[in-house]
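There are 2 protein chains.
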Amino acid sequence: MHINCTKDDLVYGVQIVNRAVSNKNTLPILSGILLKAEQNKLTFRATDLEIAIDCSLDVEVIEEGTIVVPGKYFSEMVKRLPSGLINLKNTDNFGLEVKYEQSELVINGHSSEEFPSLPEINGHMKGSIRQDLFKKMIKQVAIAASADESRPVFTGTLLDVVENQVIMVATDTHRLALREGIWEGALVPEKISVIIPTKTMLEVARISGDEEEPLLIEVGNNQVYFTAGNVSLISRLIEGQYPSYRQVIPESSKCKSKIRVRTKKLLETTERASLLVRDEIKERYSLIKLKVHDDILEIESHAPEIGRIYEEIPVFLEGEPTEIVFNSRYLMDALKAVDAEEIYLELIGPLSPGIIRTVENEEYIYLILPVRTS
Amino acid sequence: MHINCTKDDLVYGVQIVNRAVSNKNTLPILSGILLKAEQNKLTFRATDLEIAIDCSLDVEVIEEGTIVVPGKYFSEMVKRLPSGLINLKNTDNFGLEVKYEQSELVINGHSSEEFPSLPEINGHMKGSIRQDLFKKMIKQVAIAASADESRPVFTGTLLDVVENQVIMVATDTHRLALREGIWEGALVPEKISVIIPTKTMLEVARISGDEEEPLLIEVGNNQVYFTAGNVSLISRLIEGQYPSYRQVIPESSKCKSKIRVRTKKLLETTERASLLVRDEIKERYSLIKLKVHDDILEIESHAPEIGRIYEEIPVFLEGEPTEIVFNSRYLMDALKAVDAEEIYLELIGPLSPGIIRTVENEEYIYLILPVRTS
Numbered sequence: 001m002h003i004n005c006t007k008d009d010l011v012y013g014v015q016i017v018n019r020a021v022s023n024k025n026t027l028p029i030l031s032g033i034l035l036k037a038e039q040n041k042l043t044f045r046a047t048d049l050e051i052a053i054d055c056s057l058d059v060e061v062i063e064e065g066t067i068v069v070p071g072k073y074f075s076e077m078v079k080r081l082p083s084g085l086i087n088l089k090n091t092d093n094f095g096l097e098v099k100y101e102q103s104e105l106v107i108n109g110h111s112s113e114e115f116p117s118l119p120e121i122n123g124h125m126k127g128s129i130r131q132d133l134f135k136k137m138i139k140q141v142a143i144a145a146s147a148d149e150s151r152p153v154f155t156g157t158l159l160d161v162v163e164n165q166v167i168m169v170a171t172d173t174h175r176l177a178l179r180e181g182i183w184e185g186a187l188v189p190e191k192i193s194v195i196i197p198t199k200t201m202l203e204v205a206r207i208s209g210d211e212e213e214p215l216l217i218e219v220g221n222n223q224v225y226f227t228a229g230n231v232s233l234i235s236r237l238i239e240g241q242y243p244s245y246r247q248v249i250p251e252s253s254k255c256k257s258k259i260r261v262r263t264k265k266l267l268e269t270t271e272r273a274s275l276l277v278r279d280e281i282k283e284r285y286s287l288i289k290l291k292v293h294d295d296i297l298e299i300e301s302h303a304p305e306i307g308r309i310y311e312e313i314p315v316f317l318e319g320e321p322t323e324i325v326f327n328s329r330y331l332m333d334a335l336k337a338v339d340a341e342e343i344y345l346e347l348i349g350p351l352s353p354g355i356i357r358t359v360e361n362e363e364y365i366y367l368i369l370p371v372r373t374s
Numbered sequence: 001m002h003i004n005c006t007k008d009d010l011v012y013g014v015q016i017v018n019r020a021v022s023n024k025n026t027l028p029i030l031s032g033i034l035l036k037a038e039q040n041k042l043t044f045r046a047t048d049l050e051i052a053i054d055c056s057l058d059v060e061v062i063e064e065g066t067i068v069v070p071g072k073y074f075s076e077m078v079k080r081l082p083s084g085l086i087n088l089k090n091t092d093n094f095g096l097e098v099k100y101e102q103s104e105l106v107i108n109g110h111s112s113e114e115f116p117s118l119p120e121i122n123g124h125m126k127g128s129i130r131q132d133l134f135k136k137m138i139k140q141v142a143i144a145a146s147a148d149e150s151r152p153v154f155t156g157t158l159l160d161v162v163e164n165q166v167i168m169v170a171t172d173t174h175r176l177a178l179r180e181g182i183w184e185g186a187l188v189p190e191k192i193s194v195i196i197p198t199k200t201m202l203e204v205a206r207i208s209g210d211e212e213e214p215l216l217i218e219v220g221n222n223q224v225y226f227t228a229g230n231v232s233l234i235s236r237l238i239e240g241q242y243p244s245y246r247q248v249i250p251e252s253s254k255c256k257s258k259i260r261v262r263t264k265k266l267l268e269t270t271e272r273a274s275l276l277v278r279d280e281i282k283e284r285y286s287l288i289k290l291k292v293h294d295d296i297l298e299i300e301s302h303a304p305e306i307g308r309i310y311e312e313i314p315v316f317l318e319g320e321p322t323e324i325v326f327n328s329r330y331l332m333d334a335l336k337a338v339d340a341e342e343i344y345l346e347l348i349g350p351l352s353p354g355i356i357r358t359v360e361n362e363e364y365i366y367l368i369l370p371v372r373t374s
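Protein sequences, first through last, are from chains Z and H. Residues 1 to 374 in this note's numbering are what the first sequence spells out, letter by letter. Residues 1 to 374 in this note's numbering are what the second sequence spells out, letter by letter.
Simulated from the structure, these hints should not be mistaken for laboratory data. Mixed in with the good hints, there may be bad ones.
DSS-like cross-link-like pairs, simulated, lysine-lysine; straight-line CA separation at most 27 Å [unchecked claim]:
id, chain 1, residue 1, chain 2, residue 2
1, H, K7, Z, K265
2, Z, K79, H, K89
3, H, K289, Z, K289
4, H, K7, Z, K336
5, H, K89, H, K72
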């Protein structure tokens, strides 16, 4: 290959695909970035076999060709190149010559023949959704996914599509987040339900812009394919049966105490309480007790070796006085993700799950199981 | 104790003394911060027995007293308090009650009796220097100090004062940095030479402002005492004989090749070359070859497993063509610290040390030993 491009092109391309570069040493070629010059486009590609990311940019292609360069070194190097025009050319023996100003460097690379090819998509479902919406949905839902690899289904995020409605769900069995959205583009066929690795979803959020541009989604038998502008991401799907989340969420009619509270106020209190970590407990979390009566929410937490905290927040209470104990981290995660000035906290009693909803709309639901303390 | 202060007071005081809080578990009381209310002042103090930092603020003292609070928890907590007035009060049994808005928390603390008292200064030398100047001197010199604790003298920074001239020196025996400065205040007596831990110096730079305010320095037998406004820092001195640095620096008259070069240009080139790290070498550094002739500086570096680089920079050369090989990190450190648009690189030959000076003045000298490659 032989091309002319700019420093900014290289920095942009590398930064997009970098997250898919493998950190493991098991297959050395996967620590590289594939560069491919073809038809006036330079394509960057990296894969760790879980996900693959592709980014194509318009450049001046003098001669088509490919090479694999070491990912870490190449990304550090391009950041340090001077601004302006860069000339890239393959040398004999799998080197890449980089020329800039009066200078040049040569990077030892590898043949692209060793680089794994991408799986082909046998598209079952094709559709599109606004990038800014999908990005927000991911940020609100992914927080509830589990990091425990021994139960793969819970490390994933469920994508449930029926006609033009999309539902995204994640749960680690202690809390559950659910967000609804609307398909913008056509959807063929009209129904699909897949579990996507949450790590993949976070990468999809990263390549998605804050604009209304469409994110194209294609779901195959074992893979899912996302395209946002000049960037594509392919990921495996997680096999297994996702739990029936509808049954877990109590109906609104069962709610006995509906508390309207300012999100920021409750978050700040929860953050202070969360510092009272019980070191004797392996997973390092603090318990927070919420008690509501007469339009006052009392919050208490206590760790014998550190200290205790007691706070009061003014709220609007519809229904009965009650109390409940949560893991403060689960509450904190929800309050950070909810993106609304006020929320409803709906409680049934000390032994039933609490539900957080936004006051403006019901597109987002976050459910937390209580902790039994007696 | 019982006081009223603001959240900002607490955040400021904690942030100043936090660096002296011990991370080691050997003496649990040292992981605490001492709070002392006395004569309308709240004093924060922390020490790891190497250095101690004190910070005093004007607050409303209702009742004098002291307490030691856990450093890490207290500093995380005060950052999360709401803005505004905070009321602090000792409880029975060494607790600290913190009241704010309608809320309160209690932090379990310790008696201040267990907290080590500060060593008394038997002042031999007292003087003062501008904070902004001293801060800059530290930043330019400390980079050359060694991290190798087996030779304590080289982990220190030499402070040499004769009449109104102060000289600061650090060296790890591979490179040496020297900076001259002027005392602003009176100096009694007129001569002193002490080795201060470089870690202490970096903390002194941190507590020094960017203004012309005086930094008071008092040197005792084993300690040094710095005062910048309401903050004091006490540190031990390093015992031992500092090498005679004057003999190491070649006289300007011996220089055979004087190269004038733009600092930024040479730094950027050196940074690119420094990425060619030789993994086989334990200390992970790259060798960079500088070759000068006809107002061109050629820079080359090569790591067989990664690649190679060749760059050219326009320079002004007075004297003979020559070449030299450096450890790129030592050159990079100097070029980052020098704070001048242009430098002189003075060379005697491939086997003699290279000297970097600023073009505007000669207050700063940075010497690098060459690497023999044959």
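Here is how each hint holds up against the structure:
1. About 17 Å separates the Cα atoms of K7/H and K265/Z, which keeps this hinted pair within 27 Å; it holds.
2. Only pairs whose Cα atoms come within 27 Å are accepted, and K79/Z paired with K89/H is rejected, the gap being roughly 53 Å.
3. Between the alpha carbons of K289/H and K289/Z the distance comes to roughly 66 Å, so the proposed pair goes past 27 Å and is violated.
4. A hinted pair counts as satisfied when its Cα atoms are at most 27 Å apart, and K7/H with K336/Z qualifies at roughly 23 Å.
5. For the given pair, K89/H sits about 19 Å from K72/H by alpha-carbon distance, which is consistent with the 27 Å threshold.
Checked against the numbered hints given earlier, the structure breaks hints 2 and 3 and satisfies all the rest.
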